[in-house]
Amino acid sequence: MPKKVLIQLDCDPQPSTFDAIVAVDAGVDVLLRHGGVTVENVVPLVHGGMFTRGGGDLASTAIFIGGADVAAAERVAAKVRSAFFGPVRLGVLVDPSGANTTAAAAVVAVGRHGAIAKGVATPTRAVVLGGTGPVGQRVARLLAGQGAHVTVVSRSRDRAEAVTRRLQETAGVAASALETVEHQGGCLADSAFARVIAAADVIVAAGSAGTVLLDAAGRRAAVNARVLIDLNAVPPSGIEGVSAGDKARSDGAAVVYGALGVGGTKMKIHKAALGRIFTKTDAFLDAEELLAIGAELEASR
Amino acid sequence: MPKKVLIQLDCDPQPSTFDAIVAVDAGVDVLLRHGGVTVENVVPLVHGGMFTRGGGDLASTAIFIGGADVAAAERVAAKVRSAFFGPVRLGVLVDPSGANTTAAAAVVAVGRHGAIAKGVATPTRAVVLGGTGPVGQRVARLLAGQGAHVTVVSRSRDRAEAVTRRLQETAGVAASALETVEHQGGCLADSAFARVIAAADVIVAAGSAGTVLLDAAGRRAAVNARVLIDLNAVPPSGIEGVSAGDKARSDGAAVVYGALGVGGTKMKIHKAALGRIFTKTDAFLDAEELLAIGAELEASR
Amino acid sequence: MPKKVLIQLDCDPQPSTFDAIVAVDAGVDVLLRHGGVTVENVVPLVHGGMFTRGGGDLASTAIFIGGADVAAAERVAAKVRSAFFGPVRLGVLVDPSGANTTAAAAVVAVGRHGAIAKGVATPTRAVVLGGTGPVGQRVARLLAGQGAHVTVVSRSRDRAEAVTRRLQETAGVAASALETVEHQGGCLADSAFARVIAAADVIVAAGSAGTVLLDAAGRRAAVNARVLIDLNAVPPSGIEGVSAGDKARSDGAAVVYGALGVGGTKMKIHKAALGRIFTKTDAFLDAEELLAIGAELEASR
Numbered sequence: 022m023p024k025k026v027l028i029q030l031d032c033d034p035q036p037s038t039f040d041a042i043v044a045v046d047a048g049v050d051v052l053l054r055h056g057g058v059t060v061e062n063v064v065p066l067v068h069g070g071m072f073t074r075g076g077g078d079l080a081s082t083a084i085f086i087g088g089a090d091v092a093a094a095e096r097v098a099a100k101v102r103s104a105f106f107g108p109v110r111l112g113v114l115v116d117p118s119g120a121n122t123t124a125a126a127a128v129v130a131v132g133r134h135g136a137i138a139k140g141v142a143t144p145t146r147a148v149v150l151g152g153t154g155p156v157g158q159r160v161a162r163l164l165a166g167q168g169a170h171v172t173v174v175s176r177s178r179d180r181a182e183a184v185t186r187r188l189q190e191t192a193g194v195a196a197s198a199l200e201t202v203e204h205q206g207g208c209l210a211d212s213a214f215a216r217v218i219a220a221a222d223v224i225v226a227a228g229s230a231g232t233v234l235l236d237a238a239g240r241r242a243a244v245n246a247r248v249l250i251d252l253n254a255v256p257p258s259g260i261e262g263v264s265a266g267d268k269a270r271s272d273g274a275a276v277v278y279g280a281l282g283v284g285g286t287k288m289k290i291h292k293a294a295l296g297r298i299f300t301k302t303d304a305f306l307d308a309e310e311l312l313a314i315g316a317e318l319e320a321s322r
Numbered sequence: 022m023p024k025k026v027l028i029q030l031d032c033d034p035q036p037s038t039f040d041a042i043v044a045v046d047a048g049v050d051v052l053l054r055h056g057g058v059t060v061e062n063v064v065p066l067v068h069g070g071m072f073t074r075g076g077g078d079l080a081s082t083a084i085f086i087g088g089a090d091v092a093a094a095e096r097v098a099a100k101v102r103s104a105f106f107g108p109v110r111l112g113v114l115v116d117p118s119g120a121n122t123t124a125a126a127a128v129v130a131v132g133r134h135g136a137i138a139k140g141v142a143t144p145t146r147a148v149v150l151g152g153t154g155p156v157g158q159r160v161a162r163l164l165a166g167q168g169a170h171v172t173v174v175s176r177s178r179d180r181a182e183a184v185t186r187r188l189q190e191t192a193g194v195a196a197s198a199l200e201t202v203e204h205q206g207g208c209l210a211d212s213a214f215a216r217v218i219a220a221a222d223v224i225v226a227a228g229s230a231g232t233v234l235l236d237a238a239g240r241r242a243a244v245n246a247r248v249l250i251d252l253n254a255v256p257p258s259g260i261e262g263v264s265a266g267d268k269a270r271s272d273g274a275a276v277v278y279g280a281l282g283v284g285g286t287k288m289k290i291h292k293a294a295l296g297r298i299f300t301k302t303d304a305f306l307d308a309e310e311l312l313a314i315g316a317e318l319e320a321s322r
Numbered sequence: 022m023p024k025k026v027l028i029q030l031d032c033d034p035q036p037s038t039f040d041a042i043v044a045v046d047a048g049v050d051v052l053l054r055h056g057g058v059t060v061e062n063v064v065p066l067v068h069g070g071m072f073t074r075g076g077g078d079l080a081s082t083a084i085f086i087g088g089a090d091v092a093a094a095e096r097v098a099a100k101v102r103s104a105f106f107g108p109v110r111l112g113v114l115v116d117p118s119g120a121n122t123t124a125a126a127a128v129v130a131v132g133r134h135g136a137i138a139k140g141v142a143t144p145t146r147a148v149v150l151g152g153t154g155p156v157g158q159r160v161a162r163l164l165a166g167q168g169a170h171v172t173v174v175s176r177s178r179d180r181a182e183a184v185t186r187r188l189q190e191t192a193g194v195a196a197s198a199l200e201t202v203e204h205q206g207g208c209l210a211d212s213a214f215a216r217v218i219a220a221a222d223v224i225v226a227a228g229s230a231g232t233v234l235l236d237a238a239g240r241r242a243a244v245n246a247r248v249l250i251d252l253n254a255v256p257p258s259g260i261e262g263v264s265a266g267d268k269a270r271s272d273g274a275a276v277v278y279g280a281l282g283v284g285g286t287k288m289k290i291h292k293a294a295l296g297r298i299f300t301k302t303d304a305f306l307d308a309e310e311l312l313a314i315g316a317e318l319e320a321s322r
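Residue numbers (our numbering), protein chains in the order written: chain A, 22 to 322; chain B, 22 to 322; chain C, 22 to 322.
Careful: at least some of the hints might be erroneous.
[To be verified] 27 Å max Cα-Cα, derived DSSO-like pairs, lysine-lysine:
(1) C:LYS289 with C:LYS24
(2) C:LYS24 with A:LYS24
(3) A:LYS301 with A:LYS100
(4) B:LYS268 with B:LYS301
(5) C:LYS268 with C:LYS289
(6) C:LYS24 with A:LYS292
(7) C:LYS100 with C:LYS292
(8) B:LYS100 with B:LYS268
(9) A:LYS24 with B:LYS292
(10) B:LYS24 with C:LYS24
(11) C:LYS24 with C:LYS292
(12) B:LYS24 with B:LYS301
(13) C:LYS301 with B:LYS24
(14) B:LYS24 with C:LYS100
(15) B:LYS24 with C:LYS289
(16) B:LYS289 with B:LYS268
(17) A:LYS301 with C:LYS24
(18) A:LYS289 with A:LYS301
(19) A:LYS24 with B:LYS100
(20) A:LYS24 with B:LYS24
(21) C:LYS100 with C:LYS301
(22) C:LYS100 with C:LYS24
(23) B:LYS24 with B:LYS289
(24) B:LYS100 with B:LYS292
(25) C:LYS24 with A:LYS289
(26) A:LYS292 with B:LYS100
(27) C:LYS301 with C:LYS24
(28) C:LYS301 with C:LYS289
[Stated by the list, open to error] Partial list, derived from the structure: chain B residues whose beta carbon lies under 7 Å from chain A:
(29) MET22
(30) SER37
(31) THR38
(32) ALA41
(33) ILE42
(34) VAL43
(35) ASP46
(36) THR302
(37) PHE305
[Claimed, not checked] The calculated label-pair distances, taken between Cβ atoms and stated as ranges, are:
(38) A:LYS301 with C:ASP78: 23 to 33 Å
(39) B:HIS134 with A:ARG187: 57 to 67 Å
(40) A:ASP90 with B:ALA274: 52 to 62 Å
No lab work stands behind these hints, which were simulated from the structure alone.
All of these numbers come straight from a predicted model, not from anything done at the bench.
Note that CB positions come from ideal geometry on N, CA and C, so glycine has one too.
Make a model of the complete structure from these sequences and hints.
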């Protein structure tokens, strides 16, 4: 068996150390790390992996696509896919900024509490706060793909609508768009935001570090919520009252998860996905495939 | 025994994954990969390899020089050689764009069919189509070095003449220059090109991907050819009728080779060369030395 | 035990091969090498190391900070230290340009001959020639920290004074500043420089390659010197009459060391320091800590 070589294609100038170390711990023998990867320079890097090992040995080379700029990484991922030709392909894992594995882990956590009921008359109502960021967009896509009615919330209604349009166009899933409402503590004034929060079965906060997306008044208003997940690891919490370490902690009628509480599942999905791309050369693992891996891991717990 | 460390010096911004994986498969333990290597920044990278391990351990560090820009790689190679001093040297393999190993493998294939007869009254007549590119130049140099009378063919006579002058100046070998003739299918009109093709014992096509260098009419005109080699791996073929997978396939009176047919020998030479630079710290392997390695491998088949 | 991962953060565009190979030989399993590291881009590289491995496994990830620009590396080192939070830290070794390990090794060599007498009425008089460079500054700091009275000598009095001010401000140690005197062979004219050299117990030359800092006349003037160390490895010698290979060679009343004579100790300190940062996650090894490691190694000889 030849050594397992992972070609790490990162769109940031400096390739991620996080992704590299996870790969090492998942059993990769050799990392070929590249920063500053673009659609212009990626093709020879892919061909170099395709034309060095033949037959069964081809499965010992695989590709990871990462970086903080998720849109750039998606363009690179599309270019990588089109660089393959004939029967020669390499397994590919796409996880820029950890967005795909994090979103998959969050949706696995939601599903763990039966909060998504597919094909029922009244679909699960899910709210994604900070829904225009890389993780938020994927959480929205995966939840909608599972049959939930998703509302994407952002400070900017324009950005939220751009995301819902994109979800419709690229993934064929419907979602609503909403902007947050500024308020001065105490309680939420009557508003579309307040009504959506009150009706929500599931709330996921996926904003940037340091931003409170649902304060104490908002949390109190979430009277129907069964699952609340805050994906922000750095204080203050994105959802007031949720700690990074929370993992299925009961909080009134709801269970709550913090970033670290979801992190274990995320890491398991990440490592299982790395295993997969070294087994199947036709694996191309994006958010949906990672959710499927998460569901398999969950089923075998 | 310390780990085998290969310092991969690549003149492209992104160092080659191909060269890296071949090195891993040839037994290198640690790759130190550098892109964007120039004559200005290479010296400390070489000194870092020279001054870390002493005595017999020095042979466990070696240098690979690559990149798509062959002229840049040659300047770097010259700088690396001059960066050595005293008895402290590292084994060096120079193979930008795979040009040296490919050219060596092509010339090994030619020799396999007895097509080069050294020191005879009538030297072998060899034609190198696309002879101004990196591989073509080296094929021309190696064939001329073996005693063949080589004609370097290019779309531009000026470029072809520049190459033959360079061969004379740097390698001390004589070659003729010729430009291709545009023609409209059917048959080659009477021209210098047609006469050279008709007289050729050996024809090697080393043009860029997607360019037909010898079409069906040209192939028919090559009535004396004993060996035809097309080094282009991407359709259409550089020599019409030759497939990438051809390996000593009989085609009339000639045998023909495609890129993959030569590729196995190229890979063997590449790996043997990597073995050599970890054995002899004074090894400096350029096209001629790689041809010698190819000849040794051939003799021991 | 997970693999030992060293994150090599280098401020030069091309990360050092020297530092990489020493790390490999010290038992590091995986190198994550980064060039062009700055205070702007270093934080995610550190966080990637902090958040991938938990508990006892954290000690299998460590950080090396290097590069030719010592001031830039020190800024990066400060940024790395501030990127840690909570109890999660990684062992760090700071050795830009080898300045810290070299300076520590030089001071260990000085101490070997009893030349530094701490807390005595008349402190050891040490002169650091080329004292404004990265190695020279650290030698001055370490010697002053050991209780010596240090004179920092440079061609420019302004630069020498800037260094002594900086030593006072950052390390709280006092040192004198002096400029060299141009002279025409034969003997040193009466000058402050001549008097300082005549009075010196210890002289360390730490200038750039190819510069003679103490010529034959200067060497003759050093009548009280017990230890002379020339850290320049490339001819001509920084101190006339000292060879790179000298290691405690007697030269009149003094013992002399050249760069290679100090180099063995430097390498031992470097490797022991790499071992240390993989043992203690709170290790942050700068010049002083490296000198302490050198002293331990010396005591256990």
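**Prompt:** Does the alpha-carbon distance linking LYS268 (chain C) and LYS289 (chain C) stay inside the 27 Å limit?
**Reply:** With a Cα-Cα distance of about 15 Å, the restraint between LYS268 (chain C) and LYS289 (chain C) holds, given a limit of 27 Å.
**Asked** Would you say the C-beta atoms of HIS134 (chain B) and ARG187 (chain A) sit inside 57 to 67 Å of each other?
**Response** Cβ of HIS134 (chain B) to Cβ of ARG187 (chain A): about 60 Å, so the range 57 to 67 Å holds.
**Request:** Sort out whether LYS292 (chain B) lies within 27 Å of LYS100 (chain B), counting only the CA atoms.
**Result:** Answer holds: LYS100 (chain B) to LYS292 (chain B) is near 24 Å, not above 27 Å.
**Prompt:** Is LYS24 (chain C) close enough to LYS24 (chain A), meaning Cα to Cα at most 27 Å?
**Reply:** 15 Å, holds
**Asked** Quick one, are LYS24 (chain C) and LYS292 (chain C) close enough, alpha carbons at most 27 Å?
**Response** With Cα atoms ~17 Å apart, LYS24 (chain C) and LYS292 (chain C) stay inside 27 Å; holds.
**Prompt:** Is LYS301 (chain C) within 27 Å of LYS24 (chain B), Cα to Cα?
**Reply:** 25 Å, holds
**Asked** Within 27 Å, alpha carbon to alpha carbon, are LYS301 (chain C) and LYS289 (chain C)?
**Response** 18 Å, holds
**Message:** Min Cβ distance, THR38 (chain B) to chain A: is it shorter than 7 Å?
**Reply:** 3 Å, holds
**Prompt:** Within 27 Å, alpha carbon to alpha carbon, are LYS24 (chain A) and LYS100 (chain B)?
**Reply:** At roughly 33 Å apart (the allowed maximum being 27 Å), LYS100 (chain B) and LYS24 (chain A) break the hint.
**Request:** Please work out if LYS24 (chain B) and LYS301 (chain B) have their alpha carbons no farther apart than 27 Å.
**Result:** 16 Å, holds
**Agreement of LYS24 (chain B) and LYS24 (chain C) with the hint, judged by alpha carbon distance not exceeding 27 Å** = Distance ~15 Å between LYS24 (chain B) and LYS24 (chain C) Cα, so the pair holds.
**LYS301 (chain A) paired with ASP78 (chain C), Cβ distance criterion 23 to 33 Å** = 29 Å, holds
Violated hints, in rising order: 4, 8, 14, 19, 26, 29, 36, 37; the structure is consistent with all others.
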